[in-house]
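Student: Sequence:
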Amino acid sequence: MRGLRAVSVLFTLPALLLSGAVLAENFPSRPVRMIVPFPPGGSTDLVARVAAQKLSELWGQQVVIDNRGGANGMIGSDLVAKANPDGYTAVLGTIGPFAINAALYKMSYDIARDFAPITYTANIANVLVVHPGIAARDVKELLALAKAKPGQLAFGSSGTGGAPHMAVELFKLLAQVNVVHVPYKGGGPSMADLVGGQIAASFASMPSAIPFIKAGKLRALGVSSTKRSPALPDTPTVAEAGVGGFSVLDWQGLFTTAKTPPEIVAKFNTDVLRVLAMPDVVERLNAAGVEIQTSTPAAWGEFVRAEVAKWGKVVKDAGLKVE
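Quick note: the sequence shown uses our numbering, first residue -14, plus one each step.
The hints are simulated quantities; they were obtained by calculation from the structure and are not laboratory data. Keep in mind the model is a prediction, meaning the values are calculated, not measured. Note that beta-carbon positions come from the ideal geometry of N, C-alpha and C, so glycine has one too. Be a bit skeptical, because a hint or two may be false.
[What the hints assert, rightly or not] Derived DSS-like pairs (lysine-lysine); straight-line CA-CA distance at most 30 Å: (1) 212 / 157; (2) 212 / 295; (3) 132 / 301; (4) 134 / 199; (5) 67 / 170; (6) 306 / 91; (7) 244 / 39; (8) 157 / 125; (9) 306 / 170; (10) 134 / 170.
[Said to hold, decoys possible] Derived CB-CB ranges, DEER-like: (11) 70 / 212: 37 to 43 Å; (12) 158 / 10: 47 to 53 Å; (13) 301 / 11: 43 to 49 Å; (14) 47 / 92: 27 to 33 Å; (15) 98 / 267: 32 to 38 Å; (16) 67 / 136: 38 to 44 Å.
Make a model of the complete structure from these sequences and hints.
Tutor: Structure (structure tokens):
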């Protein structure tokens, strides 16, 4: 009997190894759901839709975008954490729900335990924009206005804990001004109120802000990165415009559910990297202010773990709490 068991194990192991390879070879054999954990209209939504269209063409299977906004990205992310571990449900995660939130909220998921990283996808700078009705032509004039009207200028953001919120807090700290943070349920709603004049300013995502800047509906004062953006070459960085040391960069990348077969994760990674290297994709995203950044699944997971630790310390040191 022992001999039979040994033979059985020897035959079973290659079969298990083969099954993973076969799964990857056939993936996807049905539509894939890509969750964007924010409402339509933001930078995450843009990158997801561009990638989904190309993946659909590559795979011959539809990649369905599912916008599940709420709780600063945690509602949509939680759906993926609890999905079947087969690679057919993925989320385009950002710095908020996958790094900063861990220090601000009691979350229903664990970033390290419940997700399988696929790849880094992009870095996105924010741009400090004001409504044209605000009497500020540059950052220094905005600072003067904020100091003349403490607690009266409202800065919108995509939600508490996201990169735009962190940009507001860093701006307040470094410039020593008192402005009001107004969190929204995504970048789209925040942008709508800014264009409508309900709020004064925002550190908005480049893709969502650029069309309004070019149309004259918003005024760009500075970009949040350490260097100027090719998409807005005439707009200085916030640091060079008068707030020394200022730098905030959003990031995003793909995750699927933990325990998804590594062969499927590797296939997903390979095909996303192929899509993000296509010249028309690069041109479209770069024009919107999106810097494409890719990685292996392992490197992406390592980066995110380091970001969780980094922003946890920032939130603690700043004494930030959810209101």
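Student: The structure should be examined with respect to each hint, and the outcome stated for every one.
Tutor: So, going through the hints one by one against the coordinates:
no.	hint	verdict
1	212 / 157	holds, 21 Å
2	212 / 295	holds, 22 Å
3	132 / 301	holds, 27 Å
4	134 / 199	holds, 28 Å
5	67 / 170	holds, 22 Å
6	306 / 91	holds, 12 Å
7	244 / 39	holds, 26 Å
8	157 / 125	holds, 13 Å
9	306 / 170	holds, 18 Å
10	134 / 170	holds, 27 Å
11	70 / 212: 37 to 43 Å	holds, 40 Å
12	158 / 10: 47 to 53 Å	holds, 52 Å
13	301 / 11: 43 to 49 Å	holds, 46 Å
14	47 / 92: 27 to 33 Å	holds, 30 Å
15	98 / 267: 32 to 38 Å	holds, 34 Å
16	67 / 136: 38 to 44 Å	holds, 41 Å
The structure fails none of the hints (numbered hints given earlier).
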